[in-house]
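According to the working numbering, the sequence shown is numbered sequentially starting from 1.
No lab work stands behind these hints, which were simulated from the structure alone.
In this text the structure is predicted, and so the values were computed from the model without any measurement.
Be aware that one or more of the hints could be misleading.
Listed next, with one range per pair, are the computed distances between beta-carbon atoms [stated by the list, open to error]:
(1) 145 with 300: 45 to 51 Å
(2) 345 with 309: 25 to 31 Å
(3) 309 with 359: 24 to 30 Å
(4) 311 with 192: 45 to 51 Å
(5) 218 with 184: 44 to 50 Å
(6) 153 with 183: 26 to 32 Å
(7) 115 with 226: 53 to 59 Å
(8) 65 with 110: 32 to 38 Å
(9) 28 with 359: 23 to 29 Å
(10) 194 with 351: 33 to 39 Å
(11) 311 with 359: 20 to 26 Å
Just so you know, even glycine gets a beta-carbon here, dropped at the ideal spot from N, CA and C.
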Amino acid sequence: MGVLTDVLAGVLGGFAFVADIGRQAGWALLPATVVFLLIRRLPRAAVVLALGGLGGALLAAVVPLLVAVWLSTGEGGMNLAFFDDVLGLTVTSALLLMVFRPVLPAKRWWVLGTALLVVGFGTAAVASGSASLAVVLSAGAIGVLWAGAVGLLWRRWVSDQSGAQAAGWLTMAVGHSDRLRLAPERSSPSPSLARAVAALGAVLVLLAGTVAAIGSFVIVPSAAVQEVDDRIIDWFVSIRSDGLSALATVLDAAGNTPGIIAVQLAAVPIALALTRRRAPAVLLVTAVVGETAVYLVAGALVGRARPEVDHLSMMVPPTSSYPSGHVAATVVTYGAIALLVLAWSRSRWRYAVVPVAVLLVAGVVLARLYWGLHFATDTLASVVFAVVWLAACWRVIRPGPGPGPGSGRERAVSIRNAHTRAWREPPEIA
1 MGVLTDVLAG VLGGFAFVAD IGRQAGWALL PATVVFLLIR RLPRAAVVLA
51 LGGLGGALLA AVVPLLVAVW LSTGEGGMNL AFFDDVLGLT VTSALLLMVF
101 RPVLPAKRWW VLGTALLVVG FGTAAVASGS ASLAVVLSAG AIGVLWAGAV
151 GLLWRRWVSD QSGAQAAGWL TMAVGHSDRL RLAPERSSPS PSLARAVAAL
201 GAVLVLLAGT VAAIGSFVIV PSAAVQEVDD RIIDWFVSIR SDGLSALATV
251 LDAAGNTPGI IAVQLAAVPI ALALTRRRAP AVLLVTAVVG ETAVYLVAGA
301 LVGRARPEVD HLSMMVPPTS SYPSGHVAAT VVTYGAIALL VLAWSRSRWR
351 YAVVPVAVLL VAGVVLARLY WGLHFATDTL ASVVFAVVWL AACWRVIRPG
401 PGPGPGSGRE RAVSIRNAHT RAWREPPEIA
């Protein structure tokens, strides 16, 4: 019986962990999806989704306060603190499902999986004592009712203003549903998935081993390298001031974990919306995931201590100083965006993304050194391996327009004409 209880607790804990990540990502994905819909010429869908998200956020913030005032008990306030989590997950998952359900394969399985995620999250909250059953049920019910109201409002708007055939309850009817497809066009030539995984896996292993070996046998044991690193850190410590600390905080935001996640959540939908292909989005995600893997493996093997200086108010991660994950993530994220802009844009201003990306990387490097969180060689190694990894990802994934049939000029004209037709089509009926 004890084993069964432990297994059940583990399952519920896993549900809670996954669902909590989904809730946080959902709130971030809603504005990104609004931008996606606007780019794909679905303005009404964008407006309704934005209103639905704002209304859900307002409900999650206001309802607990009203109920807490009504109850006027500390216990009720504690339980109600979990109300917004359940309601937020319900609203965000339901709204995103409503938008993309018309083009999802195996629609019933998506609906079932979403329902199980929400139910599992609520069950875990009740089982762990974080919230009462009444709070979870009321939050879920309000979330479903709000999502249903958004869907019904959408149907009414469709019927009254466009005459389009309305969809079922909790489903947005959108004309030109092909515009909802994340990647309706295929890359040409398309790389083999097995070969791509094998090639990138080999590069990952080689990179992680090389970075770890350089750190263990070249950088860390060298007294000369350590002396230079210490002098650089001491200089940054000597110039600290309130103004520079504020500037370092701003610069560091471009490469810290929340900043990178936010940029990824915005860049991936926009890349899908503009290119209509899967490869650019795969590049963005793969670059960050691979960089993180190299950083974690190399850091665990090297285990270099961070500079012994005052880090001021900055939180010090419990990981190795070598290499710098923040710097590497900045390189691959903004580097990938810059490469995609250069490959896909025809604007004369597209080359401006290169100095912008370089400045962002330099800013994060300087900020990490200023806070005393890394040595200079930590950041240098991160820049080098991140550039190599990004180049490998670009080579294997091939996220550019591609040569396709005919000459390069014919392919460019074909792409330009296709996008022109898409933009000249009338907006969606609904």
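Okay, the hints, checked on the actual structure:
{"no.": "1", "hint": "145 with 300: 45 to 51 Å", "verdict": "48 Å, holds"}
{"no.": "2", "hint": "345 with 309: 25 to 31 Å", "verdict": "43 Å, violated"}
{"no.": "3", "hint": "309 with 359: 24 to 30 Å", "verdict": "26 Å, holds"}
{"no.": "4", "hint": "311 with 192: 45 to 51 Å", "verdict": "46 Å, holds"}
{"no.": "5", "hint": "218 with 184: 44 to 50 Å", "verdict": "49 Å, holds"}
{"no.": "6", "hint": "153 with 183: 26 to 32 Å", "verdict": "29 Å, holds"}
{"no.": "7", "hint": "115 with 226: 53 to 59 Å", "verdict": "56 Å, holds"}
{"no.": "8", "hint": "65 with 110: 32 to 38 Å", "verdict": "34 Å, holds"}
{"no.": "9", "hint": "28 with 359: 23 to 29 Å", "verdict": "25 Å, holds"}
{"no.": "10", "hint": "194 with 351: 33 to 39 Å", "verdict": "36 Å, holds"}
{"no.": "11", "hint": "311 with 359: 20 to 26 Å", "verdict": "24 Å, holds"}
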